Amino acid sequence: MANKKSARARWKRVSAAGLLTLIILFELTAFALLAFRESTPDVNAFILGGILVVLLLFQYLTLTSIFRHLDRYILIIANLLVAIGLIVQYRIDPEIAFRQVTWFAVGMVAMYVCILLMRRPNFFRKLTLVIMIACAGVMMALFVLGSEKYGATNWIIIGDNSLQPSELVKAGTVFILAHWLANAKRLRGIWPLLLYVVAVVGMLVLQRDLGAAVLIALTALIVFYVATGNKGLTVLGLGAGCAGAVAGYFMFDHVRVRVAIWKNPWATYTGSGYQIAQGLMAIASGGVFGMGLTRGSPKLIPAYHTDYIFAVICEEFGIIFGVAVIALYLALIVRGALVALNAPDRYTMLIAFGCTVLITLQSFIIIAGVIKLIPLTGITMPFVSYGGSSLLSSMILLGILEGVAIAGGETLEKSLREIEV
Amino acid sequence: MYENAYEIVVLAMRYVFVALILYILLRLVLHSITEFRAVQQIKEQVRGVSSGYLEVLAPQELRGETFVLRRENSIGRSKRCDIFIRHESLALLHAFIYEKKQGLFLTDYENRANVYLNGELVKKGEELLYTADELQLGDVKLKLHLNGEQAEEADGQ
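If you read the sequences in order, they're chains A and B. Sequential numbering from 0 applies to the first sequence in numbering that gives the first Met the number 0. Sequential numbering from 0 applies to the second sequence in numbering that gives the first Met the number 0.
Same shape as in the complex, but just chain A:
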């Protein structure tokens, strides 16, 4: 045997500490710039920047030292997106940035918990039925408990806080999809899954949460195709989705309004088209390099810190920066797909793939909506937008993805040890 080194020594994971340093550099310069907005320095900007640095370092160091096979790049991408989101939120309103950083800390705890739970994927597999009933139950409860906000009745308001439970339903759906599609050769057996997806999408449409409905329907279809490779049924599903969309167009007034705005936002500039028109103008006024941090006027766009945050990023940082943000999501797809390919078994492979599809599809639906590529549907931009439930669910998906990455790496290392003599 020529190669006598141990598996551990032979397989060194590439460190991403350099990338993390760059992110911290980026984040600190941005917060320094924000701190000197007025002639008296703003101490809060330094405090927030400091909190973020501590959180990022703590997260990176603990995770990489405990789990050797952590996918560092997915973590880095998510952290960069969160940092960009916090900078823009602080620039708009320091108070919401402080609330968001609290949610980031909560999300990190959730991520740790998910990574630990994914050490035993069968734990989730046994709970599939419970998850399914819980998700469907939450969706139904919304009809009674839900309050309307931004045109959709998908909020539960407790005191001063409002929650969007459909965000958590998304994460649950990934497990449900993976469970029923893992042994996909018996297609007759997947009717509970079909029933679940149709029911949840139907309820989301009735609650006017079109973004989430499109997201869950498309995710289910993509994961189905990946799991079975069945072209006929996938095209059929796509056809059914299109038919549903057309039916929705004729049945619901708000869908027609959305499409009309998309066709020509300027016609209703003073009314319903105002948001898209303002967003487009913001992106255009930013130009290639942007107007400069603090030099734009983001508050002219409705929902500037949640759904429309991409327009604000483009306005102040420029289109190149905006394209780079899209490229970050693309990199996330590639890394997620690699995690899925290296997953130890089909069940976790489908989970990893489902998480990846969910995160990236969501970002593309909202970005495409903001740049008027498709009709706008209200949905948050993962990791970047302000919103507790949204950030929490994104961090949960990230944790699950990392859990699969770690399991995949450990399985490979185990086989590597087996061939050592």
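If you are wondering where the hints come from, they were derived from the structure by calculation, not from laboratory data. Bear in mind that the values here come from a model prediction, so they are computed numbers and not experimental data. Glycine included, every Cβ here is placed at the ideal spot set by N, Cα and C. Everything hinted at is true.
Reference excerpt, derived from the structure (chain B facing chain A, CB under 7 Å, subset only):
1) VAL9
2) ILE20
3) ILE23
4) LEU27
5) HIS30
6) VAL45
Computed footprint of chain B on chain A; a stretch qualifies when at least three of its residues, placed anywhere within it, have a C-beta under 8 Å from a C-beta of chain B:
7) 12-25
8) 69-79
9) 291-299
10) 316-323
11) 332-342
Fit chain B to the given chain A structure using the hints.
The following block gives chain B in isolation, referenced to the frame of chain A:
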């Protein structure tokens, strides 16, 4: 005065931010490729390690015997087969089990019409195998165990 100076700094910083994010992106992609190559290499080394084993369920006299699977396995009564099972109901060369990118496949040799997968006859072509699948060759019943995979508990649970 202060405002003018600040504005100049802000305008200059735009380029710094753009350069920084593009650099991060570039580094990310390059690192990611390096990492991908390393993992591919490891996977290359690990290839050929057994994907699982077959366990005999019936007939009684062979029950409990196990056969470790390699990348390509011929199964039959002949001693030349990778997996040879002494049972007169088997042909000299009966079936093949082999690895492809998508997973482990089973195929009948010369369509002797007595290879069953989970009770269904394997006709022309190949069948993708899953863990806990039951194979029947002649009168010999085998159960497949794949490494790393865990069987689904009680169907549809």
